[in-house]
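Below are the chains, spelled out letter by letter.
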Amino acid sequence: MDEQKRAEFKKVLREIKNLPTLPGIVAKLGKMAENPDTTTEQMGRVISKDHILASKLLKLVNSAFYGFPQRISSLNSAIILLGFNVIKSLIISASIFEVMESQDVELWEHSLGCAVVCNVLARHLGVKDPEEISTAGLIHDIGKVAIKMELPREYEMITALSLEKKISRLEAEQEILGLDHAEVGSWLAKSWNLPNKLVEPIACHHEPQLAKEEQQASAIVHFANILIRGLGYGHAGDIWVPPLNNKAWKLLALAPADIDPLLQEIEEKLWDVKGFSLDIQTAPEGAA
Amino acid sequence: MQRILLAQAEPGMILAKEILNPEGMVLCGAGTALSEPLIARLSGLDVVDVTVEGHPVNIEGEKTLQEELQEIDLRFQRVEDIVPLMYLKKRIKAKLAASRSTV
Amino acid sequence: MSRILIAGSDSLILPECRLLLDAKGYAMKHCATLHDALSQVLEDPPDLLVTEKGFSGKNGDIELIRAVKACLQKANIPIFLVVDESQLQVELDWDKYPVDDIITRPFTPEILLTRIRLAESRMIRAFDNNPLSRLPGNTSIIRAIQRVLGEPDGYAVCYVDIDNFKPYNDRYGFTRGDEVILMVARVMVNVVDELARKGSFVGHIGGDDFVFIVREEMVEQVCKKILANFDLVRNMFLSAEDIAVGEFVGRDRQDRETRFGLLSLSIAAVTTGGGRYTHYGEVSSVASQLKHCVKKLEGSNYLIDRRET
Chain A
1 MDEQKRAEFK
11 KVLREIKNLP
21 TLPGIVAKLG
31 KMAENPDTTT
41 EQMGRVISKD
51 HILASKLLKL
61 VNSAFYGFPQ
71 RISSLNSAII
81 LLGFNVIKSL
91 IISASIFEVM
101 ESQDVELWEH
111 SLGCAVVCNV
121 LARHLGVKDP
131 EEISTAGLIH
141 DIGKVAIKME
151 LPREYEMITA
161 LSLEKKISRL
171 EAEQEILGLD
181 HAEVGSWLAK
191 SWNLPNKLVE
201 PIACHHEPQL
211 AKEEQQASAI
221 VHFANILIRG
231 LGYGHAGDIW
241 VPPLNNKAWK
251 LLALAPADID
261 PLLQEIEEKL
271 WDVKGFSLDI
281 QTAPEGAA
Chain B
1 MQRILLAQAE
11 PGMILAKEIL
21 NPEGMVLCGA
31 GTALSEPLIA
41 RLSGLDVVDV
51 TVEGHPVNIE
61 GEKTLQEELQ
71 EIDLRFQRVE
81 DIVPLMYLKK
91 RIKAKLAASR
101 STV
Chain C
1 MSRILIAGSD
11 SLILPECRLL
21 LDAKGYAMKH
31 CATLHDALSQ
41 VLEDPPDLLV
51 TEKGFSGKNG
61 DIELIRAVKA
71 CLQKANIPIF
81 LVVDESQLQV
91 ELDWDKYPVD
101 DIITRPFTPE
111 ILLTRIRLAE
121 SRMIRAFDNN
131 PLSRLPGNTS
141 IIRAIQRVLG
151 EPDGYAVCYV
161 DIDNFKPYND
171 RYGFTRGDEV
181 ILMVARVMVN
191 VVDELARKGS
201 FVGHIGGDDF
211 VFIVREEMVE
221 QVCKKILANF
231 DLVRNMFLSA
241 EDIAVGEFVG
251 RDRQDRETRF
261 GLLSLSIAAV
271 TTGGGRYTHY
281 GEVSSVASQL
291 KHCVKKLEGS
301 NYLIDRRET
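Protein chains in written order, with the numbering used here: chain A, 1 to 288; chain B, 1 to 103; chain C, 1 to 309.
Where hints are given, some of them may not hold.
Claimed, not checked - Below, simulated BS3-like cross-link-like pairs (lysine-lysine); rule was C-alpha separation at most 30 angstroms, straight line:
(1) C/Lys96 <-> C/Lys166
(2) A/Lys250 <-> C/Lys198
(3) A/Lys128 <-> C/Lys53
(4) A/Lys59 <-> A/Lys250
(5) A/Lys10 <-> A/Lys212
(6) A/Lys166 <-> B/Lys17
(7) C/Lys166 <-> A/Lys197
(8) A/Lys250 <-> A/Lys31
(9) A/Lys165 <-> B/Lys89
(10) A/Lys250 <-> B/Lys89
(11) C/Lys291 <-> A/Lys250
(12) A/Lys17 <-> A/Lys56
Calculated from the structure, these hints are not laboratory results.
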C-alpha cells in the first residue's frame with residue numbers, strides 16, 4: 001500500500017466533509033456535562049427546548065436495546081437514572097444512528113440488531129453500565145458510513161473486491177485504503193468527544209484483544225457483532241461471519257448451555273425493535 | 001414463531017406471545033388457540049398484529065427452510081475452525097428449524 | 001493475603017526480592033520439588049503461589065497448577081507463573097496454564113511486589129461486588145470508611161435505606177423490588193458523581209441498604225438531591241391507584257393489617273472530621289441510632305449527625 005495514498009485517504013476521512021454536523025445542542029451539552037455545577041434540571045431544560053430531540057431520546061431510552069422494564073416517561077427521569085454522560089452519548093449516538101438509517105438501511109438494521117445483542121449480553125454478564133455498551137453496539141460501524149460518504153468510489157471498489165475475492169469487507173478496506181472502518185469509526189467517535197467507553201469498543205470490535213481499558217465492553221461488542229451476523233439480521237457489507245477472538249471469548253466466559261437462552265431472548269427483543277425508527281413521522285409501532 | 005397481521009390470523013393458530021392492551025394488561029395469554037369469535041373480538045379492540053407459533057403464513061419472497069439453512073452454512077464458511085462458532089451455528093440452525101415446524 | 005508459596009528452583013525468587021517482601025509483611029515458604037509443593041498446597045494452602053515454567057521436570061508446573069485450581073477452596077488462590085521471555089516465543093496454551101499473572105525474568109523486587117498488591121486488590125473487587133447492583137460490598141465499604149477516618153478532611157458517611165421496602169415487595173413482588181433497588185443505586189451514583197465526585201464512594205451493603213461517602217461540605221446538598229431525584233422517578237415503580245391514594249394496606253411483621261406509606265428513602269449521615277472516630281464500628285453504631293430516628297419520620301428524610309468530640 002502506497003504510504004502517500006493511505007495518508008491521503010486518512011486525511012479525507014478525518015475531515016469528514018460530508019457527514020452532517022451534529023446538532024449544536026451536542027456541543028452545548030458536552031460543555032455542560034463537563035461543568036461540575038450543571039444540574040439535571042438545567043440539562044433537561046436545554047434538551048427539552050428541542051422537542052424532537054427530546055422525543056427521540058426518550059424513544060431510544062425506552063427501546064428494547066436499553067431495556068428498562070418500566071417506561072421512562074420524562075426526560076428528567078431519564079437523566080436521573082442514566083446520568084448526564086450516558087445521556088450525552090445517547091444524544092450523539094441518536095444523531096449518528098439517524099445518518100446511518102438514511103445512508104444504508106441494511107447496515108442500520110445490522111447496527112440495531114447489534115445493539116440488542118449487546119444489551120442482552122451485557123445484562124447476562126451483569127456489567128455495571130449496559131447502556132453504554134448497547135450504544136457502542138448501535139454505532140460501531142459508523143466508519144463504514146463515513147467511507148461511503150467521503151470516498152464513494154473506493155467504497156464501490158471495496159464492495160466489488162470483497163465479492164470477487166470472497167474476503168471480508170475489513171480485508172478489502174485494508175487492501176484498497178490501507179485502513180479499515182473500525183479505525184475510522186474510532187477517529188469519528190473521538191472527534192465527537194464520546195467517552196473511551198464507546199471509543200475503544202468501536203476501535204476494537206474486530207480486534208478486541210487490543211483493547212486496553214474497556215476489555216469487557218470490547219469483547220461484548222465483538223461477539224454481539226458476530227452473533228447478529230450469524231443470525232443474518234441486517235447486512236454489514238459482506239456475508240461472512242467474522243472470526244471470534246479467543247481472548248475475548250474467554251473473557252465472556254459463556255458456556256454452551258448459555259447459548260440457547262441467549263438466542264431466545266435475542267429473538268424476542270429483535271421482534272420488539274421491529275419498526276423502530278427515530279424518525280418521529282413514521283407510523284407508530286404495532287400493538288403489544 | 002411468526003409475527004403476522006391480525007388480518008392474516010386464522011382459527012387454529014396458537015398465540016406464541018401474549019397480547020397486551022396499551023395499558024399493559026394481558027388480553028390474551030400465550031398458548032391460547034385462536035378462534036373466529038376471538039379474532040373478531042381482538043379486531044374490535046384494535047389489535048393490529050399477533051405472534052403465533054410455527055410459521056403458518058407464507059410470505060412472498062420468503063425463503064424455504066432449506067434455503068435459509070444453506071445460507072447459514074455459507075455465512076459461517078470462513079470460521080469453520082472456530083469451535084464455539086460452530087456450536088453457535090448448530091444452535092441457530094436448530095432454532096430456525098424448530099420455529100418453522102408447524103406443530 | 002500474606003503467605004506466599006514459592007515452588008521453584010533456588011534462583012526463582014532472588015534474595016533482594018525476599019528482603020522486600022519480608023519487609024512488607026509477607027511470609028514466604030519455598031519448595032523445590034513437586035512432591036513438597038503439592039503437600040504444602042494440600043495441607044496448608046498459601047494465599048498466593050509463585051511458580052516457574054518448567055518447575056520440577058516435565059509438566060511439574062502444570063500438575064501443580066491443576067492441583068491448586070482443582071480444589072474449590074483453593075481455586076481462589078492467585079497463581080503467578082515466572083517465565084523467560086524466550087519461553088513466550090511459543091504461545092502458551094492458557095487452558096493448560098490457568099494462571100492469574102505472568103512475570104518475565106529478570107524482574108525487580110518492586111515489580112513482584114506491585115503484582116502481588118494488584119492481585120490482592122483484584123481478589124477483593126471480584127468477590128466483593130453486590131450481584132444485583134454491581135456496587136462494592138461490605139469489605140470495600142469497611143475499607144472506604146477506615147480510609148476517610150484516617151484523612152484530615154471531614155467526610156460524611158451516609159447510610160441509605162428504603163422505607164417500607166418489605167411491604168412493597170409483598171405487594172409488588174420481588175422482581176419489582178429488585179428494580180427499585182437498582183433504581184436507587186443509579187440515582188445515588190449519578191448524584192454523587194455529578195455533585196461530589198472527589199473522594200466519594202458508593203457501596204451496597206445488601207438488600208435495600210446502601211452506604212455512600214462524600215466530603216462533609218457536600219453532604220446536605222447531596223442528600224437533598226438524592227431525595228429530590230428519587231421523588232421524581234419513584235412513581236415509575238408504583239401503580240396509579242397507589243399513587244392516587246398515597247398509601248397502601250399491607251401486613252406488618254406481626255401480620256397485622258397496617259397502612260404503609262409509599263416508597264421513600266431514609267438517610268442517616270455521620271460526619272467524621274476532626275479525628276472524631278478511629279474505627280468504622282463507631283461510625284456504624286452512631287448511624288444506627290440516627291437511622292432509628294430518621295425512619296420514624298414520614299416520607300423521605302435525611303438526618304446529619306454533627307456531634308463534637
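- [ ] Would you mind confirming whether the straight-line C-alpha gap from A/Lys250 to A/Lys31 stays at or under 30 angstroms?
- [x] violated, 39 angstroms
TODO: Verify the proposed pairing of A/Lys128 with C/Lys53, using a straight-line Cα cut of 30 angstroms.
DONE: violated, 36 angstroms
Task: Proposed proximity, C/Lys198 with A/Lys250 (alpha carbon, max 30 angstroms) - done: Since the Cα atoms of A/Lys250 and C/Lys198 sit roughly 35 angstroms apart, the hinted pair is violated (cutoff 30 angstroms).
- [ ] Please work out if A/Lys165 and B/Lys89 have their alpha carbons no farther apart than 30 angstroms.
- [x] holds, 24 angstroms
Task: Given pair status - A/Lys56, A/Lys17, alpha carbons within 30 angstroms - done: holds, 25 angstroms
Open item on the list: So if I understand the rule, the pair passes when the alpha-carbon distance is 30 angstroms or less; does A/Lys250 with B/Lys89 pass?
Closed with: Status holds; Cα separation ~19 angstroms.
- [ ] Could you grab the alpha-carbon distance between C/Lys166 and A/Lys197 and see if it respects the 30 angstroms cut-off?
- [x] violated, 37 angstroms
TODO: Would you check the hint for A/Lys10 and A/Lys212, treating anything up to 30 angstroms between C-alpha atoms as holding?
DONE: Holds, at roughly 24 angstroms.
Open item on the list: Please verify whether C/Lys96 and C/Lys166 have alpha carbons no more than 30 angstroms apart.
Closed with: Judged against 30 angstroms, a Cα distance of about 48 angstroms means the pair is violated.
Task: Given pair status - A/Lys250, C/Lys291, alpha carbons within 30 angstroms - done: violated, 45 angstroms
Open item on the list: Can you confirm whether the C-alpha distance between A/Lys59 and A/Lys250 stays at or below 30 angstroms?
Closed with: With a Cα-Cα distance of about 35 angstroms, the restraint between A/Lys59 and A/Lys250 is violated, given a limit of 30 angstroms.
Task: Hinted pair A/Lys166 and B/Lys17, Cα distance within 30 angstroms - done: Status violated; Cα separation ~40 angstroms.
In this structure, the hints that do not hold are numbers 1, 2, 3, 4, 6, 7, 8, 11, in rising order.
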